[in-house]
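Chemist: These are the residues of each chain, in order.
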Amino acid sequence: MRIVPERNASTRYLPYIYTLLGLAAWWAVKRGLLWPAATYRCPLLVHTGVACPTCGGVRAALAFGSGDLVLAFQQNPLVALALTVLAVWLLAALVMTAVPRWRRTLTVSPAEGRVLRVTALLLLAGSWIYEIVRHWR
Amino acid sequence: MDDDHRDDTPFPPSHDPDPQDEFGDGGPPSPPRPDVGGLPPWEDRLHHGILGGFLTTVAQVMTAPGRFFGDHPVDRGWLGPVSFAVIMGVLAAAVGWVWSTMFSGMELGMLSMLEELSAESATDTALMQTFQSVGVILSPFTSLAFLFIYAGVFHLGIMLLHPDGRGFEATLRAVAYGNAAYVLTFVPMCGGLLMSVWTLVIYAIALDKLHGCGAGKAAVIVIAPMLVFVCGCGALLGLTGLLAA
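One line per chain: the protein sequences are A and G, in this order. To convert, take the position in the first sequence, counting from 1, and add 58; that gives the numbering used here. To convert, take the position in the second sequence, counting from 1, and add 357; that gives the numbering used here.
Among the hints, a few may not be true.
What the hints assert, rightly or not - If you anchor each label on the Cβ, the simulated ranges turn out as follows:
| no. | chain 1 | residue 1 | chain 2 | residue 2 | range |
| --- | --- | --- | --- | --- | --- |
| 1 | A | Ala82 | G | Thr420 | 33 to 43 angstroms |
| 2 | A | Ala82 | G | Ile580 | 20 to 30 angstroms |
| 3 | A | Arg172 | G | Arg433 | 39 to 49 angstroms |
| 4 | A | Arg172 | G | Ala483 | 52 to 62 angstroms |
| 5 | G | Leu550 | A | Ala178 | 29 to 39 angstroms |
| 6 | G | Ala572 | A | Val166 | 22 to 32 angstroms |
| 7 | A | Pro168 | G | Ala483 | 56 to 66 angstroms |
| 8 | G | Leu465 | A | Val166 | 51 to 61 angstroms |
| 9 | G | Ile506 | A | Leu180 | 17 to 27 angstroms |
| 10 | A | Val166 | G | Ile580 | 21 to 31 angstroms |
| 11 | A | Val87 | G | Met485 | 20 to 30 angstroms |
| 12 | G | Glu477 | A | Ala178 | 41 to 51 angstroms |
Stated by the list, open to error - Here are some chain G residues the structure puts well away from chain A; computed CB gaps all over 12 angstroms:
| no. | residue |
| --- | --- |
| 13 | Leu403 |
| 14 | Leu412 |
| 15 | Met552 |
| 16 | Ser553 |
What the hints assert, rightly or not - Here's a subset of chain G near chain A, in silico, CB distances under 7 angstroms, partners left out:
| no. | residue |
| --- | --- |
| 17 | Ala502 |
| 18 | Phe505 |
| 19 | Leu517 |
| 20 | Pro520 |
These aren't lab readings, by the way, just hints derived from the structure by calculation. No experiment lies behind these values; they were computed from the predicted model shown. Even for Gly, the Cβ is constructed at its ideal location relative to N, Cα and C.
Sequences and hints are given; from them, build the entire structure.
Modeler: Structure, rendered in structure tokens:
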């Protein structure tokens, strides 16, 4: 992995956009606008006993927003990890926006890219298996 | 005789007009035009106008998406594609609201004629109308949000399956101009269904052309999120059933 000078500023705006979207969704869920009551049970889970990969994602996001990282990772590890990465990315973007000479981009070699891709797929599969096992009747 | 000193001008002399001399009268050259090579008409509004640029872009995306995205710049900024997607989203929401109002009014009229109009169905219809009206008001924000959600999900797919892609702007442009298919919502009744299918087709074509990832990978990138979250569970269930049997 190499850290090189920033080539495209638009990439730095992405964490702002996705954080705003995430905050809007978090606020809507907290206000009960986007998500049914706590007593609601997912029909797929109730009828099949099989969880989908996003199972617990909203609860993980709510826990993450409340600062309970352990609960967030228990509810859905993948969503919690994605939110952690987004938070770090946002922090980096804020610092780079404030200090122009620190504007850098992370680049990876093809081999490192392959490793990252395989890791991402394994994480997705692992998270899904965890959700299925956790909810298995 | 020394042929090396012959005049190299061909005979008859070819007519090669000055590209700046529009009228061929040798008059003063017109100011140079900006380089707009490959720009979609919506981003070349100086020549097409606002309405013309918008309509031409919609027509080109709907009728020849391969050609439209085949010669498409991916380094001209986000403003053009984002504004196009937002306008398209607002128009689709507004037209959806018009159809909904019209058809629910007709439905209520028919029910009252048949004397089967209950207070419940009237309340449900009124509630639906209110939700749709709020949806139209919020449509600039929701279309912007969905644009970036779709682009983000598809770009994750590009990063996983085709790491040599052309960056996030290419994906954003694919989704933004792919939303031209929202024009199908102008067709009453079946427009929504047509739109959902054709939008996915255009997304796949656009990702293929803009990232050069191939049609197969583009289709996987577009359809995989749905497969993972919906059909994946079904497939797993089927597999479990088979194993149990």
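Chemist: Determine for every hint whether it applies to the structure shown.
Modeler: Against the structure, the hints:
Taken as a hint, the range 33 to 43 angstroms holds for the pair A:Ala82 and G:Thr420, whose Cβ atoms sit roughly 36 angstroms apart. A hinted range of 20 to 30 angstroms for the beta carbons of A:Ala82 and G:Ile580 is consistent with their spacing of about 27 angstroms. At about 31 angstroms, the CB distance of A:Arg172 to G:Arg433 disagrees with the hint of 39 to 49 angstroms. At about 56 angstroms, the CB distance of A:Arg172 to G:Ala483 agrees with the hint of 52 to 62 angstroms.
Checked against the hint of 29 to 39 angstroms, the pair G:Leu550 and A:Ala178 passes, with Cβ atoms roughly 33 angstroms apart. A hinted range of 22 to 32 angstroms holds for the C-beta pair G:Ala572 and A:Val166, which are about 27 angstroms apart. Between A:Pro168 and G:Ala483 the C-beta distance comes to about 59 angstroms, which sits within the given range of 56 to 66 angstroms. The hinted window of 51 to 61 angstroms between G:Leu465 and A:Val166 holds, with their beta carbons roughly 60 angstroms apart.
Range check, G:Ile506 to A:Leu180: about 24 angstroms between beta-carbon atoms, so the 17 to 27 angstroms window is met. Between A:Val166 and G:Ile580 the Cβ separation comes to about 27 angstroms, which falls inside the hinted range of 21 to 31 angstroms. For A:Val87 and G:Met485, the Cβ-Cβ distance of about 23 angstroms falls inside the hinted range of 20 to 30 angstroms, so the restraint holds. Judged by the Cβ atoms, the range 41 to 51 angstroms given for G:Glu477 and A:Ala178 holds: they are separated by roughly 49 angstroms.
No Cβ of chain A approaches the Cβ of G:Leu403 within 12 angstroms, the least distance being about 23 angstroms, so the stated non-interface status holds. The beta carbon of G:Leu412 sits about 28 angstroms from the closest Cβ of chain A, which is more than 12 angstroms, so the claim that it is off the interface holds. Distance check on G:Met552: its Cβ is at least 23 angstroms (rounded) from any Cβ of chain A, clearing the 12 angstroms threshold; non-interface status holds. With a closest Cβ-Cβ approach of about 20 angstroms to chain A, G:Ser553 is found to remain outside the 12 angstroms limit, as its non-interface label requires.
Taking 7 angstroms as the C-beta contact cut-off toward chain A, the hint placing G:Ala502 at the interface holds, the least distance being around 6 angstroms. Nearest Cβ of chain A to the Cβ of G:Phe505: about 5 angstroms, under the 7 angstroms cut. The hint holds. Interface hint status for G:Leu517: upheld, as the beta-carbon distance to the closest one in chain A is roughly 5 angstroms, under 7 angstroms. Because the beta carbon of G:Pro520 sits about 5 angstroms from the nearest beta carbon in chain A, less than 7 angstroms, this interface hint is met.
Hint violations for this structure: number 3 only, all remaining hints satisfied.
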